[in-house]
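Trainee: Given only the sequences and the hints, what does the whole structure look like? Please build it.
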Amino acid sequence: GAVVSQHPSRVICKSGTSVKIECRSLDFQATTMFWYRQFPKQSLMLMATSNEGSKATYEQGVEKDKFLINHASLTLSTLTVTSAHPEDSSFYICSARTGATNEKLFFGSGTQLSVL
Amino acid sequence: GENVEQHPSTLSVQEGDSAVIKCTYSDSASNYFPWYKQELGKGPQLIIDIRSNVGEKKDQRIAVTLNKTAKHFSLHITETQPEDSAVYFCAASISFIGGGGNKLTFGTGTQLKVEL
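Heads up: the sequence lines are chains A and B, in that order. Convert by adding 617 to the 1-based position in the first sequence; the result is the number in the working numbering. Convert by adding 1 to the 1-based position in the second sequence; the result is the number in the working numbering.
One or more hints might be untrue.
Claimed, not checked - Straight-line C-alpha distance at most 25 Å; calculated PhoX-like pairs for lysine-lysine: (1) B:104 with B:23; (2) B:38 with A:721; (3) A:637 with B:23.
For the record, the hints were derived by calculation from the structure and aren't laboratory data.
Mentor: Shown next, in the form of structure tokens:
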């Protein structure tokens, strides 16, 4: 399968700081990437759709000023959690579509964010 | 919008036995149904998928069946091994003819435990 690389895998930060998470498609180009959030023992919740060269599309209830998404190239999307607070602590996972019909979704390894 | 229900939420089997996880979906337009395996602290891994023009698909010890009329699909794992222990998610989406698709809607997950 296609490889999606996500960094860092784990980050601990102080409340009020900003954290950037990178998502790279290593062996394919991705015009669209997706960012998910996952709480312990729960399913994946789509936060936003990242579109290369244009603004991201956010799901209802997701603050776009809190979660800044940039998709500057066909292989890189970044999620910045601004002014992080303890309630932002969560597992964040990116994904990208590829495949013969561009329908298969491959995920990164996830980033565990802990805000103190 | 699409709604995907998944059962059971937890499943314990003895090594060597079979495991079956079932999902139902609500949107009859959905035509792409992937299954993901997620190990603790990692991103979901695509293990098998099926499109609505196929009733069954098999890959070694795993198989997926789809009943479009009843709008349900199932994951079957035979000869289970301890390394099969993980959380499994089903999902559904609409795959476009020209490629790509709408967002995936995930089930709530099944914690599979294979006991020795």
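Trainee: Of the numbered hints stated previously, which ones are contradicted by the structure, given in increasing order?
Mentor: The structure conflicts with hint 3 only, although it agrees with all the remaining ones.
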